[in-house]
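Novice: Each residue of the sequence shown is one higher than the one before, starting from 1 at the first, in the UniProt record's numbering.
Hints were generated in silico from the structure; no laboratory data involved.
Be aware that one or more of the hints could be misleading.
Under the rule of at most 25 Å between Cα atoms (straight-line distance), these lysine-lysine pairs were calculated in the DSS-like manner [said to hold, decoys possible]:
hint	residue 1	residue 2
1	187	301
2	141	130
3	187	141
4	233	8
5	115	301
6	301	84
7	187	151
8	216	8
9	115	158
10	216	39
11	127	115
12	170	127
13	127	28
14	141	158
15	127	221
16	130	28
17	221	39
18	158	301
19	115	170
20	328	301
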Amino acid sequence: MNVSSEPKTAIVVGSGIIGIACAHYLSKTGIQVTVIDRKSIAGACSYGNCGYICPSHVLPLTEPGAFRVALKSLFTPHAPFRVKPRLSPALWNWMWQFARRCTHRQMLASGNHLKSILDSSMVEYRKLIKEEQLDCEWTEKGLLYVLQTEKGMHEFSKTDQILSEHFEVKAHCIKGHDLPAFDPALKHDLAGAYYYPSDTSVRPDLLNSQWVDHLKERGVKFVENCELQELRKSNEQITHLNTSCGEMDADRIIFATGAWSPQFSAELECQIPIQPGKGYSVTMQRPEPCPQYPMLFPEHKVGVSPFENGYRLGSMMEFAGYDTSIPKHRIAQLCTSAEPYLIAPFTEREQETWFGWRPMTWDSLPIIGRVPNLTNAYLATGHNMLGMSLATATGKLIAEIVQDQPTHIDANPFSPARF
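Construct the entire structure; sequences and hints are all you get.
Specialist: In structure tokens:
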């Protein structure tokens, strides 16, 4: 198979929100797209998250003090940010590289790169929702960061100042005594909050399923339970994919494989320094009163997503490898962490508990672009905690790069060649 200057076919490996977005933008160029997934479509980390699409999340995880928090967590099993002690050279190399980048200078540099792709994604999402008429609870209510203590308000004010001065992300500061009027679900004894009106939210499972349905109508093929088993290569190209559903080939292959991406590192002949950052959520019936706004509680590191027919609490960051358990104490921790803030923090009737592995890179930036040593292979992975927020801009970048077109934003900071 020769790599033509104008690709006609593409296979996207992975059907999370990133894979769906890549399929969307590739298909818009006239390329025939097939999406394969080892399990169900959009069934992994794209399914049960809090659904925030948030320019306010411009600051990377590599901020000063983050590594110190990670080290402390080795001895704190119930910490919301937790590194589980284990013998893993890959993990500790990742942690070393992460620690090197936890500086103020690096935080601002990475934040500038994230801002460009976050802003692009927001523009693209608004086009998508309007053009495709997706009924997925797209809500432009902003995001409320609620603080329990005055110390918390003081600490978060520093973050807000950085967001405002360096990234022009503006918030309204709300005093504690004004919070119940802003959202009656909040308690009266809280210190205050910062409200970021430019953030939006969505119900992830509805977005994924409706987007996939629209793509199917346009001829995009989705193949579930199709595990990629081997890459066949020749002359610096992937010639075929051996899968559990048989042999497949295409002009271009895009790997949108999330936290599983490192398993393809050897065959793709490049470093893919990703660690799975495990998060949890619990979805239940709406409490009464139910929050009117999506919320984050930074002091307890828990997020709240009120949906039309449900209510979700989500949080945690566990570096515990590819652990598939959902410990009861972690779900209980989500519920109790919301208690200081909400009159009715949870209901007894759970609809669903969930976990997902976020694909965490050591520099907090996604990996988007052509694989250095293969002419027809591309990565779209490593989106850390921002997969939902960055999906549309990632898909657009991949479509531009695949066609050798100038990119609408600078894609160099996200290149796989940086490792």
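Novice: CA of residue 187 to CA of residue 151, is that 25 Å or under?
Specialist: holds (18 Å)
Novice: Given the proposed pairing of residue 221 with residue 39, does the C-alpha separation stay at or below 25 Å?
Specialist: Holds - the C-alpha atoms of residue 39 and residue 221 are around 15 Å apart, at most 25 Å.
Novice: Is the straight-line distance between the alpha-carbon of residue 127 and that of residue 115 25 Å or less?
Specialist: Between residue 127 and residue 115 the Cα gap is close to 19 Å, so the pair holds against 25 Å.
Novice: With the threshold set at 25 Å, check whether the alpha-carbon distance from residue 130 to residue 28 stays at or below it.
Specialist: At roughly 16 Å apart (the allowed maximum being 25 Å), residue 28 and residue 130 satisfy the hint.
Novice: Measure nothing beyond the straight line between the CA atoms of residue 115 and residue 158; if it is 25 Å or shorter, mark the hint as holding.
Specialist: holds (18 Å)
Novice: For residue 115 and residue 301, compute the direct alpha-carbon distance and say whether it is at most 25 Å.
Specialist: Satisfied, since the Cα-Cα distance of roughly 22 Å is no more than 25 Å.
Novice: Need the status of pair residue 115, residue 170: alpha-carbon distance at most 25 Å?
Specialist: Given pair residue 115, residue 170 holds - Cα atoms ~13 Å apart, limit 25 Å.
Novice: Does residue 216 pair with residue 39 here, judged by a C-alpha cut-off of 25 Å?
Specialist: holds (18 Å)
Novice: What's the verdict on residue 141 and residue 158, does the C-alpha distance respect the 25 Å limit or exceed it?
Specialist: Holds, at roughly 24 Å.
Novice: So if I understand the rule, the pair passes when the alpha-carbon distance is 25 Å or less; does residue 141 with residue 130 pass?
Specialist: holds (17 Å)
Novice: Need the status of pair residue 158, residue 301: alpha-carbon distance at most 25 Å?
Specialist: Holds, at roughly 17 Å.
Novice: If you draw a straight line from the CA of residue 127 to the CA of residue 221, is it 25 Å or shorter?
Specialist: holds (23 Å)
Of the numbered hints listed earlier, not one is contradicted by the structure.
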